[in-house]
Amino acid sequence: MNDTVKKFADEAKTRTEALTAEFNEKAKEAMAKSSKLAEEAVEFNKANLEALVESGKIAAKNLETLGQEGVAFARKSFEDTTAAMKGYTAVKSPAEFFKLYAENSKKAFDAAVAQTSKTSELFVKMTNDSFAPISNRVSVITSKMKAA
12 MNDTVKKFAD
22 EAKTRTEALT
32 AEFNEKAKEA
42 MAKSSKLAEE
52 AVEFNKANLE
62 ALVESGKIAA
72 KNLETLGQEG
82 VAFARKSFED
92 TTAAMKGYTA
102 VKSPAEFFKL
112 YAENSKKAFD
122 AAVAQTSKTS
132 ELFVKMTNDS
142 FAPISNRVSV
152 ITSKMKAA
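First residue of the sequence shown: 12, per my numbering; consecutive thereafter.
For the record, the hints were derived by calculation from the structure and aren't laboratory data.
We treat Cβ as the ideally placed atom computed from N, Cα and C, and that holds for glycine.
Some hints could be false.
Unchecked claim - The calculated lysine-lysine pairs, modelled on DSSO-like cross-linking and capped at a C-alpha distance of 27 Å, are:
1. Lys87 with Lys97
2. Lys97 with Lys117
3. Lys72 with Lys57
4. Lys68 with Lys47
5. Lys57 with Lys129
6. Lys155 with Lys57
7. Lys118 with Lys129
8. Lys47 with Lys136
9. Lys87 with Lys129
10. Lys37 with Lys24
11. Lys136 with Lys72
12. Lys39 with Lys17
13. Lys39 with Lys24
14. Lys68 with Lys57
15. Lys57 with Lys47
16. Lys39 with Lys18
17. Lys44 with Lys157
18. Lys129 with Lys72
Said to hold, decoys possible - The following label-pair restraints were derived from C-beta to C-beta distances:
19. Met96 with Phe134: 41 to 47 Å
20. Met42 with Gly78: 31 to 37 Å
21. Lys39 with Glu75: 51 to 57 Å
22. Ala95 with Glu132: 23 to 29 Å
23. Glu40 with Gly78: 53 to 59 Å
24. Val82 with Ile152: 52 to 58 Å
25. Thr130 with Thr93: 20 to 26 Å
26. Glu80 with Thr153: 45 to 51 Å
27. Glu40 with Glu132: 52 to 58 Å
Can you make the complete structure from the sequences, with help from the hints?
The structure is reproduced here in structure tokens:
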């Protein structure tokens, strides 16, 4: 009977050691996978943050360009208005005044329409440029989700 108990105890010990070794191996694998996933998450979030920062830089530069464009248009409008006022002082008749006034008004309107169109196109381009880094990250996220 002692031999049977001893044999049973030895087998139990061997099984326990095998299970413990297997458990330890699985735990190590799980820790390695968790560590790798954590590293990937950090890198992924870092890339997302970098995309946001880059987007902000592009937007700031674009706003500066847009502001410069507005200042240039205002300066040109002021110069045109000043020239028009000087032209009004040289008129000799009301008919000549109204003709000059109509010409200047048409020039001012055409310039305003052209500037509005230019600003709209510039704004659309700048918006697309500003969101490009974020759009690229969304593409990466989408592809990772499809792969998962």
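Evaluation of the provided hints:
In summary, the hint linking Lys87 to Lys97 is supported, as the alpha carbons are separated by about 15 Å, within the 27 Å threshold. Our distance criterion of 27 Å between C-alpha atoms is met by Lys97 and Lys117, whose separation comes to about 17 Å. Restraint check: the Cα-Cα separation between Lys72 and Lys57 comes to about 23 Å, which is no more than 27 Å; the hinted pair holds. Distance check on the hinted pair: Lys68 and Lys47 sit about 31 Å apart at the alpha-carbon level, beyond 27 Å; violated.
In summary, the hint linking Lys57 to Lys129 is not supported, as the alpha carbons are separated by about 36 Å, beyond the 27 Å threshold. For a cut-off of 27 Å, the pair hint linking Lys155 to Lys57 stands: about 16 Å separates their Cα positions. Proposed proximity of Lys118 and Lys129 is supported: the alpha carbons are some 16 Å apart, at most 27 Å. Between Lys47 and Lys136 the CA atoms are separated by roughly 39 Å; this puts the pair beyond 27 Å, and the hint is violated.
For the proposed pair Lys87 and Lys129, the alpha carbon gap of about 15 Å is at most 27 Å, so the pair holds. Taking the CA atoms of Lys37 and Lys24, the gap is near 20 Å; set against the 27 Å cutoff, the hint holds. For the suggested pair Lys136 and Lys72, the alpha carbons sit about 13 Å apart, so the restraint of at most 27 Å is met. Between the alpha carbons of Lys39 and Lys17 the distance comes to roughly 33 Å, so the proposed pair goes past 27 Å and is violated.
Straight-line distance between C-alpha atoms of Lys39 and Lys24 comes to about 22 Å, which keeps the hinted pair within the 27 Å bound. Note on Lys68 and Lys57: the hinted pairing holds, with a Cα-Cα distance of about 16 Å set against a maximum of 27 Å. Distance check on the hinted pair: Lys57 and Lys47 sit about 15 Å apart at the alpha-carbon level, within 27 Å; holds. Simply put, Lys39 and Lys18 have alpha-carbon atoms about 31 Å apart, too far for the 27 Å limit, and the pair is violated.
The suggested pairing of Lys44 with Lys157 holds, with an alpha-carbon distance near 20 Å, which does not exceed 27 Å. For the hint linking Lys129 to Lys72, the alpha-carbon distance of about 17 Å falls within 27 Å, and the restraint holds. At about 31 Å, the beta-carbon gap between Met96 and Phe134 misses the expected band of 41 to 47 Å. The hint said 31 to 37 Å for the Cβ distance between Met42 and Gly78, and at roughly 54 Å that hint is violated.
Restraint check, Lys39 to Glu75: a C-beta distance of roughly 54 Å satisfies the suggested window 51 to 57 Å. The hint said 23 to 29 Å for the Cβ distance between Ala95 and Glu132, and at roughly 27 Å that hint holds. For Glu40 and Gly78, the Cβ-Cβ distance of about 57 Å falls inside the hinted range of 53 to 59 Å, so the restraint holds. Between Val82 and Ile152 the Cβ separation comes to about 39 Å, which falls outside the hinted range of 52 to 58 Å.
Checked against the hint of 20 to 26 Å, the pair Thr130 and Thr93 passes, with Cβ atoms roughly 23 Å apart. Remark: the range hint 45 to 51 Å for Glu80 to Thr153 is contradicted by a beta-carbon distance near 35 Å. One distance hint, 52 to 58 Å for the beta-carbon pair Glu40 and Glu132, holds here, with the actual separation near 56 Å.
Taken one by one, the earlier hints fail for this structure at numbers 4, 5, 8, 12, 16, 19, 20, 24 and 26, listed in ascending order.
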